[in-house]
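Student: With the hints as extra help, turn the sequences into a complete structure.
2 protein chains.
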Amino acid sequence: SSVDKGVDFANYFCTYAFLYHQKEMLSDRVRMDAYFNSIFQNKHHFQGKTVLDVGTGSGILAIWSAQAGARKVYAVEATKMSEHASALVKANNLEDVVEVIEGSMEDITLPEKVDVIISEWMGYFLLRESMFDSVICARDRWLKPTGVMYPSHARMWVAPIRSGLTDQKLNDYEETMDDWYNFMNDTKTNYGVDMSVLTKPFSEEQKKYYLQTSLWSNLHPHQVIGTAAVVKEINCLTATVNEILEVKSSFSSSITLENTRLSGFGGWFDVHFRGRREDPAQQEIELTTAPRPDNGTHWGQQVFLLHPPIRVSVGDGLNVSFLMKRSKENHRLMEVDLSCEIKEYSGKLLPAFNKKFYIE
Amino acid sequence: SSVDKGVDFANYFCTYAFLYHQKEMLSDRVRMDAYFNSIFQNKHHFQGKTVLDVGTGSGILAIWSAQAGARKVYAVEATKMSEHASALVKANNLEDVVEVIEGSMEDITLPEKVDVIISEWMGYFLLRESMFDSVICARDRWLKPTGVMYPSHARMWVAPIRSGLTDQKLNDYEETMDDWYNFMNDTKTNYGVDMSVLTKPFSEEQKKYYLQTSLWSNLHPHQVIGTAAVVKEINCLTATVNEILEVKSSFSSSITLENTRLSGFGGWFDVHFRGRREDPAQQEIELTTAPRPDNGTHWGQQVFLLHPPIRVSVGDGLNVSFLMKRSKENHRLMEVDLSCEIKEYSGKLLPAFNKKFYIE
Ligand SMILES: Nc1ncnc2c1ncn2[C@@H]1O[C@H](CSCC[C@H](N)C(=O)O)[C@@H](O)[C@H]1O
Ligand SMILES: Nc1ncnc2c1ncn2[C@@H]1O[C@H](CSCC[C@H](N)C(=O)O)[C@@H](O)[C@H]1O
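In order, the protein sequences belong to chains A and B. 780 is the number that the working numbering gives to position 284 of the first sequence; each next residue is one higher, with no gaps. 546 is the number that the working numbering gives to position 50 of the second sequence; each next residue is one higher, with no gaps.
Treat each hint with caution, since some may be false.
[Unchecked claim] Under the rule of at most 30 Å between Cα atoms (straight-line distance), these lysine-lysine pairs were calculated in the DSSO-like manner: (1) A:Lys576 x B:Lys684; (2) A:Lys501 x A:Lys665; (3) B:Lys586 x A:Lys696; (4) A:Lys704 x B:Lys586; (5) A:Lys586 x B:Lys703; (6) A:Lys703 x B:Lys576; (7) B:Lys852 x A:Lys576; (8) A:Lys852 x B:Lys576; (9) B:Lys665 x B:Lys821; (10) A:Lys576 x B:Lys501; (11) A:Lys852 x A:Lys704; (12) A:Lys586 x A:Lys703; (13) A:Lys665 x B:Lys576; (14) A:Lys821 x A:Lys704; (15) B:Lys576 x A:Lys704; (16) B:Lys501 x A:Lys501; (17) B:Lys684 x A:Lys586; (18) B:Lys576 x A:Lys821; (19) B:Lys704 x A:Lys501; (20) B:Lys539 x A:Lys684; (21) A:Lys684 x B:Lys586; (22) A:Lys824 x A:Lys501; (23) A:Lys684 x A:Lys703; (24) B:Lys824 x A:Lys576; (25) A:Lys703 x A:Lys852; (26) A:Lys824 x A:Lys704; (27) B:Lys576 x A:Lys824; (28) A:Lys586 x B:Lys704; (29) B:Lys501 x A:Lys821; (30) B:Lys576 x A:Lys684; (31) A:Lys568 x B:Lys696; (32) B:Lys576 x A:Lys576; (33) B:Lys684 x A:Lys568; (34) B:Lys539 x B:Lys640; (35) B:Lys821 x A:Lys501; (36) A:Lys576 x B:Lys665.
None of these hints come from the bench; they were simulated from the model.
Tutor: Right, dumping it as structure tokens:
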């Protein structure tokens, strides 16, 4: 591939080398419960089996797999976190079962094929980080024809929302621009240089930053003001990289709240642990990052804001075209084109709009 | 050199491609006044001369050089900021004099040698970013034997300080560790994994982050509690990369304040614009980042904290060994070894101590 390993490490992997960051994931109870239950309520998938943990981090999923009775677990980790994973495996007396391998999944080789691939590969809004590519690569090379994927399925959701962030971000942007105009005057007065030609590029840079970059947020269910739609479904056993390069969807949503405002859209995901059709889970487990009143996940939701917000009311219909692509500069970041048409309950059609967003 | 260009761009140059970041530097009045005065009060160095601006950023120094009467200015910039610099040059009607060249200084070639090299290459505590390497490279290849350097001299300073940050950072560290112990218990109870083997590496990681990483700070002169010492002097016309790889100094400092505490050390720098011995400045200009009551610079000072602080009083003497090296992982970051011996005014010698710090 055309990705420079060193650059990818500097931009992406580096954060995972900190225990602090692993701890944040290990402290996410929703995440932990889902993986824990998926393993221990489906021990038949692990007992006496060989398992591959793609991106083992601290080693937690590998350790659970071993505790659930796996014969052998290969725990692959690209960063130096692998050393901590080894220590943790040893301290929990599992070094006979779990073999930690430092290296990137794409580069290393295993001595055998495996029955199970387990991985926690999900980034913000599922696909940010593009780590599922590495899981696909692992699956195509190392999963037995009868093997199962943990998780087995994934979905992306989008819904209309209201949020105070719209005003806040617009304010931030406007303050930054006011400040720019002062700066421009000062620079002309004190230093004899006319900066006005940079006003447009500066405002574009700041618009991108404040208005077009999606935000991490922990939405309350009350902030979701219309029906949510699935924009992508992934079968982890069969998906190809080609299938996830783009997420393209046209969907409708109905506003379910009286007299409110459409501040933008929220995006989240869920994954399921269902095993394989011929070898299903005994207990299907779901991990969802949808808005909930309590106990959010560390993924939160991604919020795409409209400026200004639009008044809508119950029964209004949205027709949305959603297109998410990888950023050309960094394949682990995303760009979203969203267009939306609002048909009021009365039948009146509002002018359609088109927005570009960045998931950074 | 062994530095991967792509990695260096991802880690270092990328921030300079934002107008927001350039604007921060352009809004630093102390910095701007110093360069502005150094040029316009020494026009004889610029009138009819050829100038090279190493790392032109927005183009400001190149534009001033042209406004001061330069015949030709080469303005070299590694990032896409070069496009904004070109636009700014044109908008200020200087495109006949200023030629913006996009590329890194090490790679590009000029059609002629120059009379003046001007550059704002100073990072936190002078040498962070290691950008002076590029100025040296430019000088050795492109400066005429009679040429002058802007700035011409640079110095690094260290002084004993008091600061409330010591307690704050120690608290932060202790809270993080309390949280770790809770996390460890929860993980054992809920998920059956004993994390205690990671306590030591986690605490080391957090100690490095909270206690050993030097801090940006805008110190008030009252916080300087003893005499300041120069730990490095650089003659920009003759310095070699070899000379700046390490900064090694043994110095003494006397506490000048009654009954206070030594919280650590502050580091800052100054540079001077003196021209060249045979072709001196008409007005010598100084740019200092020393603590001052008002109008700090964006560089502030770097603070190296001791935990816990040590009670000292007027007349106590410090003997300090200071060694700063480049980090092995990233040549633009620094590591500091500092050892200190305190001789109280009474003659009593306190036990010496040894600290390691990171300038990240
Ligand atoms: N291609 C690849 N090869 C090996 N490790 C990878 C990888 N891509 C990502 N990773 C690693 O995968 C981990 C994802 S975070 C999940 C960590 C752990 N499985 C847990 O559930 O807590 C990170 O530690 C990251 O460094
Ligand atoms: N080796 C190199 N070649 C070209 N540009 C470099 C460089 N090393 C650093 N730079 C650039 O040097 C600039 C330093 S910041 C100073 C910008 C401008 N001269 C001003 O005074 O406002 C950055 O824009 C950075 O991208």
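Student: Look at each hint and say if it fits the structure.
Tutor: Results for each hint:
1. A distance of roughly 24 Å separates the Cα atoms of Lys576 (chain A) and Lys684 (chain B); the hinted pair therefore holds under the 30 Å criterion.
2. About 35 Å separates the Cα atoms of Lys501 (chain A) and Lys665 (chain A), which puts this hinted pair outside 30 Å; it is violated.
3. Among the hinted pairs, Lys586 (chain B) with Lys696 (chain A) is consistent with the structure: their alpha-carbon atoms are about 15 Å apart, no more than 30 Å.
4. Between Lys704 (chain A) and Lys586 (chain B), the direct Cα distance comes to roughly 25 Å. Compliance with the 30 Å bound is thereby established for this hinted pair.
5. For the suggested pair Lys586 (chain A) and Lys703 (chain B), the alpha carbons sit about 25 Å apart, so the restraint of at most 30 Å is met.
6. Between Lys703 (chain A) and Lys576 (chain B) the CA atoms are separated by roughly 18 Å; this keeps the pair inside 30 Å, and the hint holds.
7. For the hint linking Lys852 (chain B) to Lys576 (chain A), the alpha-carbon distance of about 22 Å falls within 30 Å, and the restraint holds.
8. Annotation: proposed proximity of Lys852 (chain A) to Lys576 (chain B) holds, straight-line Cα distance about 22 Å (limit 30 Å).
9. As the CA atoms of Lys665 (chain B) and Lys821 (chain B) are separated by approximately 24 Å, the hinted pair is consistent with the 30 Å bound.
10. As the CA atoms of Lys576 (chain A) and Lys501 (chain B) are separated by approximately 23 Å, the hinted pair is consistent with the 30 Å bound.
11. For the suggested pair Lys852 (chain A) and Lys704 (chain A), the alpha carbons sit about 9 Å apart, so the restraint of at most 30 Å is met.
12. Between Lys586 (chain A) and Lys703 (chain A) the alpha-carbon distance is near 50 Å, which puts this suggested pair outside the 30 Å criterion.
13. Taking the CA atoms of Lys665 (chain A) and Lys576 (chain B), the gap is about 26 Å. The hint holds against a cut of 30 Å.
14. Distance restraint check for Lys821 (chain A) and Lys704 (chain A): the Cα-Cα separation of roughly 17 Å lies within the 30 Å cut-off, and the hinted pair is therefore satisfied.
15. For the suggested pair Lys576 (chain B) and Lys704 (chain A), the alpha carbons sit about 17 Å apart, so the restraint of at most 30 Å is met.
16. Taking the CA atoms of Lys501 (chain B) and Lys501 (chain A), the gap is about 12 Å. The hint holds against a cut of 30 Å.
17. For the hint linking Lys684 (chain B) to Lys586 (chain A), the alpha-carbon distance of about 15 Å falls within 30 Å, and the restraint holds.
18. A threshold of 30 Å between alpha carbons decides the hint, and for Lys576 (chain B) with Lys821 (chain A) the separation of about 23 Å falls inside it, so the pair holds.
19. Restraint check: the Cα-Cα separation between Lys704 (chain B) and Lys501 (chain A) comes to about 27 Å, which is no more than 30 Å; the hinted pair holds.
20. Taking the CA atoms of Lys539 (chain B) and Lys684 (chain A), the gap is near 20 Å; set against the 30 Å cutoff, the hint holds.
21. Restraint check for Lys684 (chain A) and Lys586 (chain B): the C-alpha separation of about 15 Å stays at or below 30 Å, so the hint holds.
22. With a C-alpha separation of about 16 Å, the suggested pairing of Lys824 (chain A) with Lys501 (chain A) holds against the 30 Å cut-off.
23. At most 30 Å may separate the alpha-carbon atoms for a hinted pair to count; Lys684 (chain A) and Lys703 (chain A) meet this at roughly 24 Å.
24. Restraint check for Lys824 (chain B) and Lys576 (chain A): satisfied, since their Cα atoms lie roughly 16 Å apart, inside the 30 Å limit.
25. The suggested pairing of Lys703 (chain A) with Lys852 (chain A) holds, with an alpha-carbon distance near 11 Å, which does not exceed 30 Å.
26. Straight-line distance between C-alpha atoms of Lys824 (chain A) and Lys704 (chain A) comes to about 16 Å, which keeps the hinted pair within the 30 Å bound.
27. A threshold of 30 Å between alpha carbons decides the hint, and for Lys576 (chain B) with Lys824 (chain A) the separation of about 16 Å falls inside it, so the pair holds.
28. Between the alpha carbons of Lys586 (chain A) and Lys704 (chain B) the distance comes to roughly 25 Å, so the proposed pair stays at or under 30 Å and holds.
29. Between Lys501 (chain B) and Lys821 (chain A) the alpha-carbon distance is near 27 Å, which keeps this suggested pair within the 30 Å criterion.
30. For the hint pairing Lys576 (chain B) with Lys684 (chain A), the CA-to-CA distance comes to about 24 Å; that is within 30 Å, so the pair holds.
31. The suggested pairing of Lys568 (chain A) with Lys696 (chain B) holds, with an alpha-carbon distance near 28 Å, which does not exceed 30 Å.
32. Restraint check for Lys576 (chain B) and Lys576 (chain A): not satisfied, since their Cα atoms lie roughly 33 Å apart, outside the 30 Å limit.
33. At roughly 23 Å between alpha-carbon atoms, Lys684 (chain B) and Lys568 (chain A) fall within 30 Å of each other, so this suggested pair holds.
34. With a C-alpha separation of about 18 Å, the suggested pair Lys539 (chain B) and Lys640 (chain B) falls inside the 30 Å cut-off, and the hint holds.
35. With a C-alpha separation of about 27 Å, the suggested pairing of Lys821 (chain B) with Lys501 (chain A) holds against the 30 Å cut-off.
36. The straight-line distance between the Cα atoms of Lys576 (chain A) and Lys665 (chain B) is roughly 26 Å, inside the 30 Å bound, and the hint therefore holds.
In terms of the numbered hints stated before, the structure departs from hints 2, 12, 32, listed from lowest to highest.
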